[in-house]
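Enquirer: The numbering of the sequence shown is this note's numbering, which starts it at 1 and goes up by one.
No lab work stands behind these hints: they were computed from the structure. For clarity, every value in this text was computed on a predicted model and none was experimentally measured. Warning: the hint list may mix true and false statements.
[Unchecked claim] The following label-pair restraints were derived from C-beta to C-beta distances:
| # | residue 1 | residue 2 | range |
| --- | --- | --- | --- |
| 1 | 25 | 63 | 42 to 48 Å |
| 2 | 67 | 149 | 26 to 32 Å |
| 3 | 267 | 25 | 48 to 54 Å |
The beta carbon of each residue, even a glycine, is placed where N, CA and C say it ideally should be.
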Amino acid sequence: MFYASRAIVARRPFRATLGDLALLLPAVALLGVFYLFPLFEILRISLVEPRPGLGNYVQLLTSAPLRQVFITTFRVSALTTAIALVLGYVVAYVLVHGSARLAKLMLVLVLLPFWISTLVRAFAWIVLLRGQGLINNLLLSLGLVGQPLDLMYNSVGVVTGMVHYMVPLAILTIYAQMRGIDGRLVRAARGLGAGPLEAFLRVFLPLSLPGIVAAAILIFISSLGFFITPALLGGGKSLMIAEYISFLISDTLNWGLGTALASTLAITVFALLALLSRTVDLRHVFGGR
1 MFYASRAIVA RRPFRATLGD LALLLPAVAL LGVFYLFPLF EILRISLVEP
51 RPGLGNYVQL LTSAPLRQVF ITTFRVSALT TAIALVLGYV VAYVLVHGSA
101 RLAKLMLVLV LLPFWISTLV RAFAWIVLLR GQGLINNLLL SLGLVGQPLD
151 LMYNSVGVVT GMVHYMVPLA ILTIYAQMRG IDGRLVRAAR GLGAGPLEAF
201 LRVFLPLSLP GIVAAAILIF ISSLGFFITP ALLGGGKSLM IAEYISFLIS
251 DTLNWGLGTA LASTLAITVF ALLALLSRTV DLRHVFGGR
């Protein structure tokens, strides 16, 4: 009887009271003042500078250089997401199935980059990737290349630095999902005759897909607005949206076009989330109920 009553209570839908809504008011007010108002102000400026109308957005559609900035941004972000997911999945898998001592050590190493500034990490990659850097000197000394490789001031350097930043996010997101997978399911598949690869592909991998989707969302959206790493490792030759917005507003004082570009980026992010929400349950992906 006791357990039946608990089940009834668990299935009862939650109904917010006025007291519950009152507790949310401070958070809603802060969100409106410090997040929604600046977004609407950016959108307003894009529609009135230098003259009222949609001229700035028309320029975004008709300008070949601006289209190239969008293409570069999405290409670099997609490549960064794909590489970070593969690396993050492998490390998360080892974390789940390795020994407790190994898992603790690996988690410390995964969290260590968060304690280092993004600017410091970008400068560290400059030291490694430049023409006379450690990587090129090592390759030259081993005779693997005849001249220094062009690893900086292009998409290679930008993707390398961004992947280094995003891999810990991928690892932690996928690892949190993998820890919730019941290992007995894989063992049951093995007991029914499935090989290690088949058990992984048909049992473990599908169960870990929500973590992969969540990591992909976080990494891709974060990559779209990346600024420091592309600016330093791209050297202006692999121009992304955030860097171009900074150039328009700080150097040319073109607030209209800069805010239009920023508004388009924000709208694109919201549109991607809306499109994704029609194919997967985002509440389940991010641990909601």
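Enquirer: Compare the structure with each hint and give your call.
Expert: Hint check:
no. : hint                    : verdict
1   : 25 with 63: 42 to 48 Å  : holds, 44 Å
2   : 67 with 149: 26 to 32 Å : holds, 29 Å
3   : 267 with 25: 48 to 54 Å : violated, 28 Å
Hint 3 from the list above is the single one not met by this structure.
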